[in-house]
Amino acid sequence: MLFLTEAREFLLTLDQKGRDKIIFNIDKAKVKADNGLFKKLKGEIWEFRTLFNKTHYRIFAFWDKEDKQQTLVLTTHGIIKKTNKTPDKEIEKAEQIR
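Residues in the sequence shown are numbered from 24 upward in steps of one, following this note's numbering.
Simulated from the structure, these hints should not be mistaken for lab results. Predicted, not measured: the structure shown is a model, and the values here were computed from it. Even for Gly, the Cβ is constructed at its ideal location relative to N, Cα and C. Please note that a few of the clues may not be correct.
Stated by the list, open to error - Within a straight-line C-alpha distance of at most 30 Å, the following computed DSS-like cross-link-like pairs (lysine-lysine) qualify:
| hint | residue 1 | residue 2 |
| --- | --- | --- |
| 1 | K88 | K53 |
| 2 | K104 | K55 |
| 3 | K105 | K53 |
| 4 | K62 | K112 |
| 5 | K44 | K77 |
| 6 | K53 | K77 |
| 7 | K105 | K65 |
| 8 | K116 | K55 |
| 9 | K105 | K55 |
| 10 | K108 | K53 |
Claimed, not checked - For each label pair, taking beta carbons as the anchor points, the in silico distance ranges come out as:
| hint | residue 1 | residue 2 | range |
| --- | --- | --- | --- |
| 11 | L35 | L95 | 32 to 40 Å |
| 12 | T106 | V54 | 26 to 34 Å |
| 13 | Q39 | G66 | 16 to 24 Å |
| 14 | N76 | Q119 | 14 to 22 Å |
| 15 | E29 | T78 | 25 to 33 Å |
| 16 | A56 | R121 | 20 to 28 Å |
| 17 | D38 | K88 | 30 to 38 Å |
| 18 | K40 | K104 | 16 to 24 Å |
| 19 | W86 | T28 | 16 to 24 Å |
| 20 | K40 | K65 | 14 to 22 Å |
| 21 | K40 | K88 | 14 to 22 Å |
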């Protein structure tokens, strides 16, 4: 797992407990396939999903499969969602970064 600059900066803007919960869920998604934690959105873009204290956090990511020995997940950026639908502009932003 590699956090690109915007994803790292997003995490640093959050309070410690929210950030810890997101990291916990990302670690959990590494060992257990769960659409509630890591879900494919569109094309090559996925999102890590965390609900903590009634706040919906999303960290966008994609797979880097160029190295045949190891697959790497790169996170692009994060948002706090206010609606049920993921904004298309955020998916497009993740795609542009990819």
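Quiz item: Do the beta carbons of T106 and V54 sit within 26 to 34 Å of each other?
Solution: 30 Å Cβ-Cβ, so the 26 to 34 Å window holds.
Quiz item: Straight-line Cα separation of K116 and K55 no greater than 30 Å?
Solution: Judged against 30 Å, a Cα distance of about 27 Å means the pair holds.
Quiz prompt | Hint check for K88 and D38 - Cβ pair distance inside 30 to 38 Å | solution = Holds, since D38 and K88 (Cβ atoms, about 34 Å apart) stay within the stated range.
Quiz item: When you check the alpha-carbon spacing of K105 and K55, does it fall within 30 Å?
Solution: holds, 27 Å
Quiz item: Is the straight-line distance between the alpha-carbon of K105 and that of K65 30 Å or less?
Solution: holds, 20 Å
Quiz item: Between W86 and T28, is the Cβ distance one that fits in 16 to 24 Å?
Solution: holds, 19 Å
Quiz item: Quick one: are Q39 and G66 within 16 to 24 Å, going by C-beta?
Solution: At roughly 33 Å between Cβ atoms, G66 and Q39 fall outside 16 to 24 Å, so the hint is violated.
Quiz item: Should the hint that K40 and K88 are 14 to 22 Å apart at their CB atoms be regarded as holding?
Solution: violated, 34 Å
Quiz item: Has the given pair, K105 with K53, been kept, meaning a C-alpha gap of at most 30 Å?
Solution: Judged against 30 Å, a Cα distance of about 26 Å means the pair holds.
Quiz item: Does the hinted range 14 to 22 Å hold for N76 and Q119 at CB?
Solution: Violated - the Cβ-Cβ distance for N76 and Q119, about 31 Å, lies outside 14 to 22 Å.
Quiz item: Taking only the CA atoms, is the gap from K88 to K53 under or equal to 30 Å?
Solution: holds, 16 Å
Exercise. With 32 to 40 Å as the target window, see if L35 and L95 comply at their CB atoms.
Key: violated, 22 Å
Comparing the model with each earlier hint shows violations of hints 11, 13, 14, 15, 20, 21; every other hint is respected.
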